[in-house]
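Number of protein chains: 2
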Amino acid sequence: MPQLGLLHWRAWTVLLGQLRRPPGAVCIRAVRSHSQVAEALFASQLKPDQEKSNFIIKTPKGTRDLSPQQMVVREKILDVVVSCFKRHGAKGLDTPAFELKEVLTEKYGEDCGLIYDLQDQGGELLSLRYDLTVPFARYLAMNKVKKMKRYHVGKVWRRESPTIVQGRYREFYQCDFDIAGQFDPMIPDAECLKIMCEILSGLQLGDFLIKVNDRRILDGIFTVCGVPESKFHAICSSVDKLDKMSWKDVRHEMVVKKGLAPEVADRIGDYVQCHGGISLVEQMFQDPVLSQNKQALEGLGDLKLLFEYLTLFGVAEKVSFDLSLARGLDYYTGVIYEAVLLQTPVHAEEEPLNVGSVAAGGRYDGLVGMFDPRGHKVPCVGLSIGVERIFSIVEQRMKIFGEKIRTTETQVFVATPQKNFLQERLKLIAELWDAGIKAELMYKNNPKLLPQLHYCENMGIPLVVIIGEQELKEGVIKLRSVASREEVAIKRENLVAEIQKRLS
Amino acid sequence: MPQLGLLHWRAWTVLLGQLRRPPGAVCIRAVRSHSQVAEALFASQLKPDQEKSNFIIKTPKGTRDLSPQQMVVREKILDVVVSCFKRHGAKGLDTPAFELKEVLTEKYGEDCGLIYDLQDQGGELLSLRYDLTVPFARYLAMNKVKKMKRYHVGKVWRRESPTIVQGRYREFYQCDFDIAGQFDPMIPDAECLKIMCEILSGLQLGDFLIKVNDRRILDGIFTVCGVPESKFHAICSSVDKLDKMSWKDVRHEMVVKKGLAPEVADRIGDYVQCHGGISLVEQMFQDPVLSQNKQALEGLGDLKLLFEYLTLFGVAEKVSFDLSLARGLDYYTGVIYEAVLLQTPVHAEEEPLNVGSVAAGGRYDGLVGMFDPRGHKVPCVGLSIGVERIFSIVEQRMKIFGEKIRTTETQVFVATPQKNFLQERLKLIAELWDAGIKAELMYKNNPKLLPQLHYCENMGIPLVVIIGEQELKEGVIKLRSVASREEVAIKRENLVAEIQKRLS
Numbered sequence: 001m002p003q004l005g006l007l008h009w010r011a012w013t014v015l016l017g018q019l020r021r022p023p024g025a026v027c028i029r030a031v032r033s034h035s036q037v038a039e040a041l042f043a044s045q046l047k048p049d050q051e052k053s054n055f056i057i058k059t060p061k062g063t064r065d066l067s068p069q070q071m072v073v074r075e076k077i078l079d080v081v082v083s084c085f086k087r088h089g090a091k092g093l094d095t096p097a098f099e100l101k102e103v104l105t106e107k108y109g110e111d112c113g114l115i116y117d118l119q120d121q122g123g124e125l126l127s128l129r130y131d132l133t134v135p136f137a138r139y140l141a142m143n144k145v146k147k148m149k150r151y152h153v154g155k156v157w158r159r160e161s162p163t164i165v166q167g168r169y170r171e172f173y174q175c176d177f178d179i180a181g182q183f184d185p186m187i188p189d190a191e192c193l194k195i196m197c198e199i200l201s202g203l204q205l206g207d208f209l210i211k212v213n214d215r216r217i218l219d220g221i222f223t224v225c226g227v228p229e230s231k232f233h234a235i236c237s238s239v240d241k242l243d244k245m246s247w248k249d250v251r252h253e254m255v256v257k258k259g260l261a262p263e264v265a266d267r268i269g270d271y272v273q274c275h276g277g278i279s280l281v282e283q284m285f286q287d288p289v290l291s292q293n294k295q296a297l298e299g300l301g302d303l304k305l306l307f308e309y310l311t312l313f314g315v316a317e318k319v320s321f322d323l324s325l326a327r328g329l330d331y332y333t334g335v336i337y338e339a340v341l342l343q344t345p346v347h348a349e350e351e352p353l354n355v356g357s358v359a360a361g362g363r364y365d366g367l368v369g370m371f372d373p374r375g376h377k378v379p380c381v382g383l384s385i386g387v388e389r390i391f392s393i394v395e396q397r398m399k400i401f402g403e404k405i406r407t408t409e410t411q412v413f414v415a416t417p418q419k420n421f422l423q424e425r426l427k428l429i430a431e432l433w434d435a436g437i438k439a440e441l442m443y444k445n446n447p448k449l450l451p452q453l454h455y456c457e458n459m460g461i462p463l464v465v466i467i468g469e470q471e472l473k474e475g476v477i478k479l480r481s482v483a484s485r486e487e488v489a490i491k492r493e494n495l496v497a498e499i500q501k502r503l504s
Numbered sequence: 001m002p003q004l005g006l007l008h009w010r011a012w013t014v015l016l017g018q019l020r021r022p023p024g025a026v027c028i029r030a031v032r033s034h035s036q037v038a039e040a041l042f043a044s045q046l047k048p049d050q051e052k053s054n055f056i057i058k059t060p061k062g063t064r065d066l067s068p069q070q071m072v073v074r075e076k077i078l079d080v081v082v083s084c085f086k087r088h089g090a091k092g093l094d095t096p097a098f099e100l101k102e103v104l105t106e107k108y109g110e111d112c113g114l115i116y117d118l119q120d121q122g123g124e125l126l127s128l129r130y131d132l133t134v135p136f137a138r139y140l141a142m143n144k145v146k147k148m149k150r151y152h153v154g155k156v157w158r159r160e161s162p163t164i165v166q167g168r169y170r171e172f173y174q175c176d177f178d179i180a181g182q183f184d185p186m187i188p189d190a191e192c193l194k195i196m197c198e199i200l201s202g203l204q205l206g207d208f209l210i211k212v213n214d215r216r217i218l219d220g221i222f223t224v225c226g227v228p229e230s231k232f233h234a235i236c237s238s239v240d241k242l243d244k245m246s247w248k249d250v251r252h253e254m255v256v257k258k259g260l261a262p263e264v265a266d267r268i269g270d271y272v273q274c275h276g277g278i279s280l281v282e283q284m285f286q287d288p289v290l291s292q293n294k295q296a297l298e299g300l301g302d303l304k305l306l307f308e309y310l311t312l313f314g315v316a317e318k319v320s321f322d323l324s325l326a327r328g329l330d331y332y333t334g335v336i337y338e339a340v341l342l343q344t345p346v347h348a349e350e351e352p353l354n355v356g357s358v359a360a361g362g363r364y365d366g367l368v369g370m371f372d373p374r375g376h377k378v379p380c381v382g383l384s385i386g387v388e389r390i391f392s393i394v395e396q397r398m399k400i401f402g403e404k405i406r407t408t409e410t411q412v413f414v415a416t417p418q419k420n421f422l423q424e425r426l427k428l429i430a431e432l433w434d435a436g437i438k439a440e441l442m443y444k445n446n447p448k449l450l451p452q453l454h455y456c457e458n459m460g461i462p463l464v465v466i467i468g469e470q471e472l473k474e475g476v477i478k479l480r481s482v483a484s485r486e487e488v489a490i491k492r493e494n495l496v497a498e499i500q501k502r503l504s
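These protein sequence lines map, in sequence, to chains A and B. Here the first sequence is numbered in UniProt numbering, starting from 1 and rising by one per residue. Here the second sequence is numbered in UniProt numbering, starting from 1 and rising by one per residue.
There's no promise every hint is true.
Beta-carbon label-pair distances, calculated as ranges [what the hints assert, rightly or not]:
1. Ala-497/B with Ser-484/A: 50 to 60 Å
2. Ala-497/B with Gln-418/A: 28 to 38 Å
3. His-233/B with Ser-484/A: 21 to 31 Å
Straight-line C-alpha distance at most 25 Å; calculated SDA-like pairs for lysine to any residue [said to hold, decoys possible]:
4. Lys-147/B with Lys-377/A
5. Lys-377/A with Lys-473/B
6. Lys-61/A with Lys-257/B
7. Lys-304/A with Lys-473/B
8. Lys-419/A with Phe-183/B
9. Lys-473/B with Asp-302/A
10. Lys-377/A with Asn-445/B
11. Lys-427/B with Pro-188/A
12. Lys-101/A with Gly-113/B
13. Lys-427/B with Ser-279/A
14. Lys-101/B with Leu-312/A
15. Lys-427/B with Gly-460/A
16. Lys-86/A with Leu-472/B
17. Lys-304/B with Lys-294/A
18. Lys-144/A with Met-442/B
19. Lys-144/A with Lys-101/B
20. Lys-144/A with Cys-456/B
If we take Cβ atoms under 10 Å as the criterion, some of the chain A residues that face chain B in the derived model are [what the hints assert, rightly or not]:
21. Ile-57
22. Thr-95
23. Tyr-116
24. Phe-232
25. Ala-261
26. Pro-262
27. Glu-263
28. Val-264
29. Asp-266
30. Pro-373
31. Lys-377
32. Thr-410
33. Asn-420
34. His-454
Think of the hints as simulated: they come from the structure by calculation, not from any bench. Here the structure is a predicted model, which is why all the values come from computation and not from measurement. We treat Cβ as the ideally placed atom computed from N, Cα and C, and that holds for glycine.
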């Protein structure tokens, strides 16, 4: 199994496990004094009614800054994900952060109220993108692209009430991989599931399971159980809650809140409580009622093929046919899937963390056609990795271990033990930079030696070059290893080569 | 000079020079038929008044998608920039795409009308970030960080009228590097200019010049020339136009539009038309009028020190003291700078392209204090690279050359010459993926061999593995080099090792 690209597994464990807790977003209440307000008014020629004396410095609700420590972790996670997408031959694509408002409308069902709109400041009506799938479909239709395998890593925005303990934010990264085009059935779909397995294994988040279902099977079940078509949507969203609620409660919601006949609900219950492997697909094929429904049969046929391919890919045991899986988004038309982590806390002192699904996707054969003037369809299947939720797990682990990780890549520090050596230090560091060596110095005219060496130890900088009167006279530079504290004098003209040798 | 990180210079030239023209954003007018509208209404239970029958599929004004070809180029540019930032010891940081509206107000002077606001959908009033500097200052104040060297690569948004020929967009990437903290004068400032030189040299965009000035010198000039303090801002913005307008026209604007006394304008003209190296700094020190102004003297003293450090860094000849440089943003307090490309078209057939400034920055010692409840200041200096403008130059060059660049990294294609080999192909490709090899196959049950080989040639995939009946029987796989068309049979168990050997 390819794991973590260039990152060695132990290094990753250290990284994931031993990161310090981030500083966190502390809110500062800025109560300005009267004289400060007066100053501000003078400086910016504000009218008094624009005064904001109780302004709180914070990031918007549901958003956060990523500190340098967090950036290192996120970049490692993204690296695993993007390497996998590239391993599967995907091209990169980028789309704007906002789209015309009408591009996003009618795509997300009940969730459409969570879209951020931009203020009408004259011109077009715009909305922040809600996912990366709809912009991809818009791109395909706009450029008449009929076939494309692309990945896209970018932020999306949803006005959800942020439950931060669950790793849900209003701004978050999505990593999407999609295959557009007319192909023989289930080959791209199986590749998407294979990719999810590779990424979740590669990230070493513990055991996981991918639930699969098919929209056509769900619709078939509703039809044969006698759900009126007008209630499909509402009943579907009740079914989707079975991962968090008992069947008894879901049944109650269907009957009492959504007005479904109790015997219809019971018939649905017989189906949607089933989950299993390929044998369950076979069993459903034999089901005397469901097998009468054409749509359901199509879905079952595709799932059978899917399981066959997943077996060849060696990942069938990670996938479960789960008839309760419904997925919220409107645009899915066939197979749907969702990966959940199976949480056995690694350490006894770790609290179990409900991270929900960490990856999901499905087939959406109609979405591109919604953008095409003549309704030309481009079948698509894809997946999305929820980086933020994966990040939450890592943050949880940060609490347990304590070792520092490096937030810079500096290789060499330029130091001096003497006064009036700024000029020599500047000349020396420019030589290093120009040779491509990552180097820092202290922004002080006359720093003391000890703080310079301490800085290197704190920041994990491996090498120090030291220049002083003696060295200048002799045409050498002292090269010091921070770890061993050994020092050797090196001829100035050989310094770059020696550093490069030590770093390689 | 470190150039282009891992990219060899020839490869870069090929990349920059030989990229195909991107497909471009063609607008499709989507006139739906009546039956389609009816269908859509049925499907989404829309009210008729929400119908949009003349919907145009496009990206919002001033924005664009980046195609896979363009993504490759942008990633190479970002790689050069970020490598340089890391070479100088910067940490990464990320902030949300939007901020509380009040975080952005009173920071950008006349430009504040260009800020995108989000619609008030209940809750906080939000705006899209306008640069990466103000969010950085907000981060420092919020977390009480007194010292930090960070880089940030991210999109920013400005509601400018998009003049696409000039590489100006409403959504664009900025790459920022900033040094926050109280240090000995001009050392961080000189490093910022050194970084700009390294990046612009590394990107090989041709000759460039960095103009520097100091806000305190400009203010001093206005004071000694007799500009009323209330007119500083207006006159400053006139001066800033000297790179596009003649002095005669700027003088006219000052006198006629802005009501400045003609003799005051003439006095200003004597100063702001000067530019030169360190000798001009010395000359201004000797100026009997300007040398009476304390602010100007401080600025001149710092510039003198700056030129001394730039000489030690070996970049002084790239920097020009230009008294007309003013910079639009409100928050600068000291040295300011702007890099411009000196355009001699590389090829006779190339049209000259006005790309304006490609990098800029300066010192802003008061911005963090604006966010701190007690006004505690954290002095900062930084720079911003305008990736979009650099990208425009590359796009211009794309027109001239024609060689294709690869948009995927696929190393091996899994092919078959025979029918009914899908299962074997799937098993084989999973082996390759699991070994970390980048591999693709055709999503067809029974593809013909020739299209499979053509695909490899078109996409630049170097190796093909071929499995058929003969190979299956003998326990071998045929390994084909696409370039030489040579084929060898390799034992299946040795295939991964052989491929890895060939790719290394």
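Evaluated hints:
Separation of Ala-497/B from Ser-484/A is about 37 Å and departs from the stated range, judged on CB atoms against 50 to 60 Å. Distance hint check for Ala-497/B and Gln-418/A: the Cβ-Cβ separation is about 56 Å, which falls outside the suggested range of 28 to 38 Å. Range check, His-233/B to Ser-484/A: about 58 Å between beta-carbon atoms, so the 21 to 31 Å window is missed. For the proposed pair Lys-147/B and Lys-377/A, the alpha carbon gap of about 55 Å is over 25 Å, so the pair is violated.
A hinted pair counts as satisfied when its Cα atoms are at most 25 Å apart, and Lys-377/A with Lys-473/B does not qualify at roughly 42 Å. Proposed proximity of Lys-61/A and Lys-257/B is contradicted: the alpha carbons are some 45 Å apart, above 25 Å. In summary, the hint linking Lys-304/A to Lys-473/B is not supported, as the alpha carbons are separated by about 28 Å, beyond the 25 Å threshold. With a CA separation close to 16 Å, the supplied pair Lys-419/A and Phe-183/B stays within the 25 Å bound.
Between Lys-473/B and Asp-302/A the CA atoms are separated by roughly 31 Å; this puts the pair beyond 25 Å, and the hint is violated. Taking the CA atoms of Lys-377/A and Asn-445/B, the gap is near 22 Å; set against the 25 Å cutoff, the hint holds. Annotation: proposed proximity of Lys-427/B to Pro-188/A holds, straight-line Cα distance about 14 Å (limit 25 Å). A hinted pair counts as satisfied when its Cα atoms are at most 25 Å apart, and Lys-101/A with Gly-113/B qualifies at roughly 22 Å.
The hinted pair formed by Lys-427/B and Ser-279/A meets the criterion: a straight-line CA distance of about 22 Å does not exceed 25 Å. With a CA separation close to 54 Å, the supplied pair Lys-101/B and Leu-312/A exceeds the 25 Å bound. With a C-alpha separation of about 45 Å, the suggested pair Lys-427/B and Gly-460/A falls outside the 25 Å cut-off, and the hint is violated. The hinted pair formed by Lys-86/A and Leu-472/B fails the criterion: a straight-line CA distance of about 29 Å is larger than 25 Å.
For the suggested pair Lys-304/B and Lys-294/A, the alpha carbons sit about 83 Å apart, so the restraint of at most 25 Å is broken. Proposed proximity of Lys-144/A and Met-442/B is supported: the alpha carbons are some 21 Å apart, at most 25 Å. Proximity of Lys-144/A to Lys-101/B is assessed by CA-CA distance (about 39 Å); at most 25 Å being required, the pair is judged violated. At roughly 23 Å between alpha-carbon atoms, Lys-144/A and Cys-456/B fall within 25 Å of each other, so this suggested pair holds.
Because the beta carbon of Ile-57/A sits about 5 Å from the nearest beta carbon in chain B, less than 10 Å, this interface hint is met. This hint holds: Thr-95/A has a C-beta 5 Å from the nearest C-beta of chain B, less than the 10 Å allowed. The interface hint given for Tyr-116/A is met, as the beta carbon of that residue sits about 6 Å from the closest beta carbon of chain B, less than 10 Å. The restraint placing Phe-232/A at the interface with chain B is violated, with a minimum CB-CB distance near 12 Å, outside the 10 Å limit.
This hint is violated: Ala-261/A has a C-beta 23 Å from the nearest C-beta of chain B, more than the 10 Å allowed. Residue-level restraint check for Pro-262/A is violated (minimum Cβ-Cβ distance to chain B is 27 Å; threshold 10 Å). For Glu-263/A, the shortest C-beta to C-beta distance to chain B is roughly 27 Å, which exceeds 10 Å, and the interface hint is violated. Interface restraint check: Val-264/A against chain B, minimum CB-CB distance 22 Å, threshold 10 Å, status violated.
Look at Asp-266/A: its Cβ only gets to about 28 Å from chain B, farther than 10 Å, so that hint breaks. Interface restraint check for Pro-373/A: the shortest CB-CB distance to chain B comes to about 4 Å, inside 10 Å, so the restraint holds. Hint status for Lys-377/A: violated, given a least beta-carbon distance of 13 Å to chain B, over 10 Å. The closest approach between the C-beta of Thr-410/A and any C-beta of chain B is roughly 5 Å, which is under the 10 Å cut-off, so the hint is satisfied.
For Asn-420/A, the interface hint is violated, the least distance from its beta-carbon to any beta-carbon of chain B being 13 Å, above 10 Å. At its closest, the beta carbon of His-454/A sits 14 Å from a beta carbon of chain B; the interface hint therefore is violated under the 10 Å criterion.
Going down the numbered hints, you'll see the structure goes against 1, 2, 3, 4, 5, 6, 7, 9, 14, 15, 16, 17, 19, 24, 25, 26, 27, 28, 29, 31, 33, 34, while the others check out.
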